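Those protein sequences? They're chains A, B and C, same order as listed.
Just so we're aligned: the first sequence equals residues 0 to 303 in numbering that gives the first Met the number 0.
Just so we're aligned: the second sequence equals residues 0 to 282 in numbering that gives the first Met the number 0.
Just so we're aligned: the third sequence equals residues 0 to 269 in numbering that gives the first Met the number 0.
Source of the hints: derived by calculation from the structure; they are not laboratory data.
Since this is a predicted model, take the numbers as computed values, not measurements.
The beta-carbon is built from N, C-alpha and C at its ideal position, and this holds for glycine as well.
Misleading hints may appear alongside valid ones.
Partner residues aside, some chain C positions facing chain B, computed with beta carbon under 10 Å [said to hold, decoys possible]: (1) A173; (2) E174; (3) L237.
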Amino acid sequence: MTSAAASGGLKAWLTSESPDSRIQARLGRWYGGWVSLRGNPLAFSGLAIVVFLLLVALLGPSIVTGSPFDQDLQGRLAPPSAVHWFGTDSLGRDILVRLVYGSRITLTIIFLVSVIVLPVGLVVGTVAGYLGGIVDAVLMRVTDIFLAFPRLVLALAFVAALKPGIDTAIIAISLTTWPPYARLARAETLTIRNTDYIQAARLQGASVARLLWSHVMPLCLPSVIVRLTLDMAGVILTAAGLGFLGLGAQPPAPEWGLMIADGRQYVLDQWWVATIPGIAIFTVSLGFNLLGDGLRDVFDPKGL
Amino acid sequence: MTETPILAVEDLVVRYRGQHRETIALNGISFVLGRERLGIVGESGSGKTTVGRALLRLLPPRTEVTARRLDFAGQDLRALDEAAMRNIRGRRISMVLQDPKFSLNPVMTVGRQIAESYRVHHKASRKEARERALAMLEELSIREPGKVFDLYPHEVSGGMGQRVMIAMMLVPEPALLIADEPTSALDVTVQAQLLTLIDALIRRRGMALLLISHNINLVASFCDRVMVMYAGRVMETCRAADLAEARHPYTRGLLACRPVVDETREELATLARDPRWLEAAEP
Amino acid sequence: MIAIENLSVTFGAGQRQIRAVRGASFAIPRGEIFGLVGESGAGKSTVLRALAGLVRAEGRIEIAGKAMTARRGRTDLRRIQMVFQDPYGSLNPMHMVDRILAEPLAIHRLDDVDRRIGQALAEVGLGREHRFRFPHQLSGGQRQRIAIARALIAGPEILLLDEPTSALDLSIQAEILNLLRRLWRAHGLTMLLVSHDLAVIAHMCQRIAVMNRAEIVEILPVERLRRGEADHPYSRALLAASYETGETANPGRRRAALEQDRVSFNQAPG
Numbered sequence: 000m001t002s003a004a005a006s007g008g009l010k011a012w013l014t015s016e017s018p019d020s021r022i023q024a025r026l027g028r029w030y031g032g033w034v035s036l037r038g039n040p041l042a043f044s045g046l047a048i049v050v051f052l053l054l055v056a057l058l059g060p061s062i063v064t065g066s067p068f069d070q071d072l073q074g075r076l077a078p079p080s081a082v083h084w085f086g087t088d089s090l091g092r093d094i095l096v097r098l099v100y101g102s103r104i105t106l107t108i109i110f111l112v113s114v115i116v117l118p119v120g121l122v123v124g125t126v127a128g129y130l131g132g133i134v135d136a137v138l139m140r141v142t143d144i145f146l147a148f149p150r151l152v153l154a155l156a157f158v159a160a161l162k163p164g165i166d167t168a169i170i171a172i173s174l175t176t177w178p179p180y181a182r183l184a185r186a187e188t189l190t191i192r193n194t195d196y197i198q199a200a201r202l203q204g205a206s207v208a209r210l211l212w213s214h215v216m217p218l219c220l221p222s223v224i225v226r227l228t229l230d231m232a233g234v235i236l237t238a239a240g241l242g243f244l245g246l247g248a249q250p251p252a253p254e255w256g257l258m259i260a261d262g263r264q265y266v267l268d269q270w271w272v273a274t275i276p277g278i279a280i281f282t283v284s285l286g287f288n289l290l291g292d293g294l295r296d297v298f299d300p301k302g303l
Numbered sequence: 000m001t002e003t004p005i006l007a008v009e010d011l012v013v014r015y016r017g018q019h020r021e022t023i024a025l026n027g028i029s030f031v032l033g034r035e036r037l038g039i040v041g042e043s044g045s046g047k048t049t050v051g052r053a054l055l056r057l058l059p060p061r062t063e064v065t066a067r068r069l070d071f072a073g074q075d076l077r078a079l080d081e082a083a084m085r086n087i088r089g090r091r092i093s094m095v096l097q098d099p100k101f102s103l104n105p106v107m108t109v110g111r112q113i114a115e116s117y118r119v120h121h122k123a124s125r126k127e128a129r130e131r132a133l134a135m136l137e138e139l140s141i142r143e144p145g146k147v148f149d150l151y152p153h154e155v156s157g158g159m160g161q162r163v164m165i166a167m168m169l170v171p172e173p174a175l176l177i178a179d180e181p182t183s184a185l186d187v188t189v190q191a192q193l194l195t196l197i198d199a200l201i202r203r204r205g206m207a208l209l210l211i212s213h214n215i216n217l218v219a220s221f222c223d224r225v226m227v228m229y230a231g232r233v234m235e236t237c238r239a240a241d242l243a244e245a246r247h248p249y250t251r252g253l254l255a256c257r258p259v260v261d262e263t264r265e266e267l268a269t270l271a272r273d274p275r276w277l278e279a280a281e282p
Numbered sequence: 000m001i002a003i004e005n006l007s008v009t010f011g012a013g014q015r016q017i018r019a020v021r022g023a024s025f026a027i028p029r030g031e032i033f034g035l036v037g038e039s040g041a042g043k044s045t046v047l048r049a050l051a052g053l054v055r056a057e058g059r060i061e062i063a064g065k066a067m068t069a070r071r072g073r074t075d076l077r078r079i080q081m082v083f084q085d086p087y088g089s090l091n092p093m094h095m096v097d098r099i100l101a102e103p104l105a106i107h108r109l110d111d112v113d114r115r116i117g118q119a120l121a122e123v124g125l126g127r128e129h130r131f132r133f134p135h136q137l138s139g140g141q142r143q144r145i146a147i148a149r150a151l152i153a154g155p156e157i158l159l160l161d162e163p164t165s166a167l168d169l170s171i172q173a174e175i176l177n178l179l180r181r182l183w184r185a186h187g188l189t190m191l192l193v194s195h196d197l198a199v200i201a202h203m204c205q206r207i208a209v210m211n212r213a214e215i216v217e218i219l220p221v222e223r224l225r226r227g228e229a230d231h232p233y234s235r236a237l238l239a240a241s242y243e244t245g246e247t248a249n250p251g252r253r254r255a256a257l258e259q260d261r262v263s264f265n266q267a268p269g
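Extracted from the complex, chain A is given alone in its bound form (with noise of 0.2 Å):
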């Protein structure tokens, strides 16, 4: 679809066999994988709705009219219609506009949960790796412990330990959710470990920390990120899960979750009270495990 000179001139300059520079180069890789990921339509769409996800909820409460927190107790429970496309709650509020206010809670989770247990899974998992021994035995039987932990069990300890709230689920789920990185991060690194790319790094002089920072986790972040992005389904369910169990966020705020708690009575006359956040719900989820698959085809190694 080249329109003009220009953009067939940036192609080409993407796809260069031999690149002029660095920045160059790694452009030329993203754009490979781009195309791949373009090329899988169920893993584009995937893609779709999680950049749909972001706009909404970068942009969304910029667009849409009205608080997320305004009640119209005569309007309650209205259906569907062109005043309010996804009708109104039990409180009368809009229901597009908690929508689109909830997604910026549920990117926040999101975000958060990918923040820390990321670079807590990699770090511990690779350092177990890499040195083994007595360290990695430690370190094993740590994520061991956590791994014990069923996730919904373990909020509910926590809530009642601390205040019920997004931050407590958000640390709830992150404490369950970093195990299986950390062991999938030491796997990986037990066959990294003894390649012959690594025993030059060791025999230029590289320390443990240049070859853990520089070698082993990047080749361990692909695999890392599709488990993430696949787990992405999960979480976002747990918080919903939470938040309709009254242990994640708190009324009156937007989240989805209790979007559906608070439609649960309704559920037969007033279905789109609690049908349409789970829709919301479930689309997400799907968008996120349709892209975990279509980037674990992306980093196949030939592509890289």
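Please build the complex by placing chains B and C on the supplied structure of chain A, with the hints as guidance.
Same frame as chain A, but now just chains B and C:
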């Protein structure tokens, strides 16, 4: 006496249809094989491995195989359906691969695998098949065949594993043996030994041998004729004895760049690849 | 330059111990190319790794007159570098060539990075067009050249080569061997070359140690090897095998070797 050649191949073309583009693995190969040993030699990417697999129809699904002629003992291989092909594979044309580690079933004793190989293609009782397997092992100079019969693949050495592989492939009494880098995974002292063994077995049975290798020394030593391939084409076919007088520049280049144990050389000759080789057909 | 005495390397412990190298000794003067030949599992790669300090070994290792201990400093490491066998495994797939070559410079805190990288690439016959490529965009021969460039960029005195051309095509092997010879001469390197290919070893090396089953069975100068005058039966077996497969300029040798083999294969071990 003109006997029907075991293999008659004319203008064989193999195309892989990948996701984004098409690769031509074989670009018009022609050769004839009688009751002799033909060595196919080439570097990586020459297409030599594809030849063996194309004959046995063992290529991945998205490949297109066309030929003006593809005959095995007078039979047109292209016209056969999958069931007929299965009868040919192993029974009439056998293939020995590079690494016995990957081609032997790790959970079955080696003797049993040889016996099974026989029973798949001939009606025989288990006892009869066992006898045959033991006879085969003995023919491959394996002492104490009875003991070796009950060993598992991981319990035998590389050289022995290859002998088992050969036993498995020869016990159904095929007419043609395709050996794809049969000794590349083995130690040098075992390599020549194994090839001499294959040589003797083949002669005894009046079989034909297609030896595929990247090692021109090996091929020149053990084959009657040599076919040199490059980029999916045949550059030259000649008798192994006449290899020193090869005419094609690629062949000459390949021969010239070999280091030799008993000669001093300052620099090894290197191969200058002529792009015209990619177009030229065999003279 | 290099001297080892009674070197032994053992892997594993207790019952499942494997002695990869047993009591190996040799001395290599400065500027020599020394060959280590043997079949797979003989222990030759392990000797290299012990010399490089990548595996723990017992016995004495002396480099440039200094005894090596388990812990090696950066200056010691800078002196000795290695090229590995598998061109597909010796480069980090995620690093581009520029980064691969910059790393040794960063570790040894050398400056003038840009110039040094350009020079290293030129020395191995590559150019700027290869500088920002990733390993999968390079051929096997090119990768091996990068591996050599990486080994030489920090200016070592000793180069260890572990089957550097075994995974390469014949024509590429010739190019790489020529390159190594040129670099040897240009930098006055001391090289230790490991291979299972007797022809390669005979071509490159001045003295050769033959290894079998973790032990060095013989050390001989290349002239004697070329004349076929090996002492140890295993060395003779190796020579015979190479003659059989035609790695000889003397057809008579080949015939004799084949005859011998036809006689002996009937008594092959089970």
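Which of the numbered hints are not met once you compare them with the structure shown?
-> Nothing - there is no hint that the structure violates, so all of them hold.
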